[in-house]
Amino acid sequence: MKPNAKQRIWMYEAMYRSRRLDDAVLIAYSEGKTPVFNMGKGPLPGEMHQSFGQEPCAVGVCAHLGADDAVGAGHRPHHVAVARGVNLNRMAAELFGKVTGLSGGRGGHMHLYDKDVNFFCSGIIAEGMGPGAGMALARKMTGKPGIAVAFVGDGAANQGAFHEVLNMVGLWKLPFICVIEDNKYGVSVSKKDSTAVARNSDRASAYALAGEYVAGNDPDLIFEAAGRAVERARHGEGGTILELETERLHGHFIGDSGAYRPEEERKAMIDPIPMYRARLLAAGVLSAGEMTALEAKVQHEVDEAMAFGRSSAYPQPTEALEKLFA
Amino acid sequence: MAHDHGNDTGRTFTMARAGREAVISEMRKHPNMFLIGEDIAKLGGVFGTAIGMAAEFGTARVIDTPISETGFIGIATGAAMAGMRPVIEIAFVDFIGVCFNAIFNFAAKTHYMSGGQFKTPMTFMIGYGGGYCDAAQHSQTLFATLGHVPGIKIVTPADAYDAKGLMHSCLQDDNVTIWMVHKRLWGLGWLGFPLPAALSEVPEHDYTIPFGQSRIWREGKDVTIVGLGLTVHNALTAADQLAAEGISAEVLDLRSVVPMDRDGVFRSVAKTGRLVVADEDYMSFGVTAEVLAVVAERDPSVLKAPAVRVAYPDVPVPFSRPMEEFCLPNVERILTAVRATMQGFKR
Numbered sequence: 001m002k003p004n005a006k007q008r009i010w011m012y013e014a015m016y017r018s019r020r021l022d023d024a025v026l027i028a029y030s031e032g033k034t035p036v037f038n039m040g041k042g043p044l045p046g047e048m049h050q051s052f053g054q055e056p057c058a059v060g061v062c063a064h065l066g067a068d069d070a071v072g073a074g075h076r077p078h079h080v081a082v083a084r085g086v087n088l089n090r091m092a093a094e095l096f097g098k099v100t101g102l103s104g105g106r107g108g109h110m111h112l113y114d115k116d117v118n119f120f121c122s123g124i125i126a127e128g129m130g131p132g133a134g135m136a137l138a139r140k141m142t143g144k145p146g147i148a149v150a151f152v153g154d155g156a157a158n159q160g161a162f163h164e165v166l167n168m169v170g171l172w173k174l175p176f177i178c179v180i181e182d183n184k185y186g187v188s189v190s191k192k193d194s195t196a197v198a199r200n201s202d203r204a205s206a207y208a209l210a211g212e213y214v215a216g217n218d219p220d221l222i223f224e225a226a227g228r229a230v231e232r233a234r235h236g237e238g239g240t241i242l243e244l245e246t247e248r249l250h251g252h253f254i255g256d257s258g259a260y261r262p263e264e265e266r267k268a269m270i271d272p273i274p275m276y277r278a279r280l281l282a283a284g285v286l287s288a289g290e291m292t293a294l295e296a297k298v299q300h301e302v303d304e305a306m307a308f309g310r311s312s313a314y315p316q317p318t319e320a321l322e323k324l325f326a
Numbered sequence: 327m328a329h330d331h332g333n334d335t336g337r338t339f340t341m342a343r344a345g346r347e348a349v350i351s352e353m354r355k356h357p358n359m360f361l362i363g364e365d366i367a368k369l370g371g372v373f374g375t376a377i378g379m380a381a382e383f384g385t386a387r388v389i390d391t392p393i394s395e396t397g398f399i400g401i402a403t404g405a406a407m408a409g410m411r412p413v414i415e416i417a418f419v420d421f422i423g424v425c426f427n428a429i430f431n432f433a434a435k436t437h438y439m440s441g442g443q444f445k446t447p448m449t450f451m452i453g454y455g456g457g458y459c460d461a462a463q464h465s466q467t468l469f470a471t472l473g474h475v476p477g478i479k480i481v482t483p484a485d486a487y488d489a490k491g492l493m494h495s496c497l498q499d500d501n502v503t504i505w506m507v508h509k510r511l512w513g514l515g516w517l518g519f520p521l522p523a524a525l526s527e528v529p530e531h532d533y534t535i536p537f538g539q540s541r542i543w544r545e546g547k548d549v550t551i552v553g554l555g556l557t558v559h560n561a562l563t564a565a566d567q568l569a570a571e572g573i574s575a576e577v578l579d580l581r582s583v584v585p586m587d588r589d590g591v592f593r594s595v596a597k598t599g600r601l602v603v604a605d606e607d608y609m610s611f612g613v614t615a616e617v618l619a620v621v622a623e624r625d626p627s628v629l630k631a632p633a634v635r636v637a638y639p640d641v642p643v644p645f646s647r648p649m650e651e652f653c654l655p656n657v658e659r660i661l662t663a664v665r666a667t668m669q670g671f672k673r
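So the protein lines, in turn, are chains A and B. The numbering used here numbers the first residue of the first sequence as 1 and each following residue consecutively. The numbering used here numbers the first residue of the second sequence as 327 and each following residue consecutively.
Derived from the structure by calculation, the hints contain no laboratory data. Cβ atoms here follow ideal geometry from the backbone N, Cα and C, with glycine treated the same way. Certain hints may be false.
Claimed, not checked - Straight-line alpha carbon distances no greater than 25 Å define the calculated DSS-like cross-link-like pairs of lysine-lysine that follow:
| no. | chain 1 | residue 1 | chain 2 | residue 2 |
| --- | --- | --- | --- | --- |
| 1 | B | LYS630 | B | LYS672 |
| 2 | A | LYS144 | B | LYS672 |
| 3 | A | LYS173 | B | LYS672 |
| 4 | A | LYS115 | A | LYS267 |
| 5 | A | LYS115 | B | LYS445 |
Said to hold, decoys possible - Chain A is faced by these chain B residues, among others (derived, beta-carbon under 8 Å):
| no. | residue |
| --- | --- |
| 6 | THR391 |
| 7 | ILE401 |
| 8 | ILE542 |
Kindly produce the complete structure, drawing on both the sequences and the hints.
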């Protein structure tokens with residue numbers, strides 16, 4: 001099913017929200033890190049894996065999900081969290097390590113959790129696969145509605161957890177979708193140098209799952225393929241490996257120049273957001289005025305979220321010792 | 327089907343049966359509790375932890391998995407985050423090597439990393455220990471490996487009464503809990519007839535034993551022997567012999583590795599003035615050092631002699647019987663240690 005106008009506007013808006021958040025984070029990240037770059041300095045310290053270019057994957061899938069569903073993301077989670085509807089203010093505050101953050105500053109950018117929308121992360125490659133499938137198992141065992149989706153990168157398809165979990169997803173026909181965001185790189189090693197098959201979706205046949213590859217990093221095409229996977233999961237027809245070609249427009253994390261990538265490859269990358277913006281305007285889905293108003297609204301939300309995160313208080317140091325056990 | 331040894335007519339239970347009774351009782355009360363692991367539905371668990379459960383609860387709640395520990399532990403964790411209460415069977419603690427990431431990087435940290443939003447109520451049933459020539463990859467104890475990671479509670483009962491009570495405590499807890507039993511205490515004929523002292527009367531009703539509460543098996547005034555699991559029984563045998571030598575030994579069973587009953591340990595050592603710790607885990611960075619640290623940090627002046635550790639030497643478990651026997655924290659080594667402490671400080 002092709003996305004209707006409302007769904008396409010929602011997808012653009014969520015992509016734009018993620019992008020403007022990443023833009024703001026990129027600027028704030030540099031604070032305190034000049035003239036000498038030290039990852040641990042500044043208001044936004046630590047590793048920062050941003051989502052520039054990968055936004056279509058998150059919106060094309062999450063457009064089909066509702067309150068009963070669960071979503072897991074990996075170490076590069078911002079676009080998925082935004083598309084899933086994670087509380088933006090509390091997410092920004094978590095990036096700043098503030099007491100108002102989703103986890104009160106205990107998690108950080110690779111460990112975003114929002115129980116209100118059944119969202120979690122794992123910073124270890126492929127390790128979100130099991131918990132995602134477990135959330136699907138819980139729904140199947142209790143007869144409750146809902147499916148689970150785990151987002152991983154193409155590098156995760158070479159981890160043991162990926163294969164162990166997908167075998168059980170196929171064996172038990174769990175309502176689960178493994179979304180592989182194929183950005184063609186695991187840090188500096190390219191997919192063609194690390195992976196024996198061109199398409200990880202081909203591995204679906206090993207686990208009696210459906211497998212689908214979507215080229216082009218196109219929100220509309222991703223939406224259609226994700227819709228098919230979600231329908232299969234909701235109707236008890238089992239799981240899917242949905243591999244989505246995408247682009248990592250920036251380095252692995254802020255500070256990685258990506259110099260290991262061939263120049264022609266970098267030049268050929270297309271930013272999906274201006275592309276989609278132009279398409280919606282050309283198709284008359286949004287007028288120029290409506291587009292401007294939508295973008296202004298989203299920018300305001302992002303500004304508010306960043307201000308909320310920045311202005312919130314740090315946790316008391318001794319709060320580090322709380323919440324180990326329930 | 328695995329076989330239980332011991333008295334099947336009265337309420338004198340093996341530890342496997344005692345733990346099983348707790349799991350069955352809690353599963354009857356909690357429809358969201360399920361058992362998952364290898365060889366549990368048809369075999370009843372390698373160590374008899376799940377005998378009869380598939381017949382009662384069906385294979386939808388007693389789930390035989392493929393040999394994919396990292397996968398099914400991750401799945402169990404996700405199910406727990408979604409409101410289920412998985413009980414996970416891992417026969418040999420050695421196998422945590424293939425799934426440790428799922429345990430220590432995800433399950434144990436989820437409550438903390440999520441700021442308390444997601445709970446992970448899940449209980450592992452794990453066998454450990456050697457003494458039956460199973461060599462380096464099926465004989466380890468690994469309390470310290472697991473206990474070092476914040477976010478996991480670990481218990482190890484020494485008799486059937488404690489096995490049931492501690493299992494109820496684990497199953498009722500909303501965190502990652504590990505219920506570990508020494509393989510020679512399970513009560514399985516093929517691992518040797520169980521020690522009589524590990525069989526005990528088990529009340530029919532449900533009861534809990536608090537985490538972090540040690541148990542004094544034998545009171546004494548000259549030396550405290552701290553043990554856990556099988557070493558409690560070695561310490562008790564040693565204490566009998568020491569009594570004949572005129573040495574009064576107190577035997578303290580930690581029961582919980584995490585949290586550890588530091589107050590109980592210190593209270594006993596302050597009374598006796600001497601400390602021997604017996605543990606089948608590797609010596610370095612382990613339970614024995616942690617127990618000694620309690621005394622060193624609180625008041626080492628209570629000691630009338632250097633404390634002595636009787637632990638596994640820092641080598642993999644050898645296969646050949648004489649070499650393995652040499653390494654185990656057996657009665658002879660405990661006796662030697664206690665006799666050494668009776669010599670006091672050499673100044």
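Going down the list of hints, with the structure as the test:
1. Taken as a hint, the B/LYS630 and B/LYS672 pair is honoured in the structure, with Cα atoms around 11 Å apart against an allowance of 25 Å.
2. Distance check on the hinted pair: A/LYS144 and B/LYS672 sit about 69 Å apart at the alpha-carbon level, beyond 25 Å; violated.
3. Restraint check for A/LYS173 and B/LYS672: the C-alpha separation of about 69 Å exceeds 25 Å, so the hint is violated.
4. Taking the CA atoms of A/LYS115 and A/LYS267, the gap is near 40 Å; set against the 25 Å cutoff, the hint is violated.
5. Of the supplied pair hints, the one linking A/LYS115 and B/LYS445 holds, its CA atoms being roughly 10 Å apart against a limit of 25 Å.
6. A cut of 8 Å between beta carbons decides the hint on B/THR391: the least distance to chain A is about 7 Å, and the hint holds.
7. For B/ILE401, the interface hint holds, since its Cβ comes within 8 Å of a Cβ in chain A; the closest pair sits about 4 Å apart.
8. Taken as an interface hint, B/ILE542 does not check out: its beta carbon lies about 26 Å from the nearest beta carbon of chain A, beyond 8 Å.
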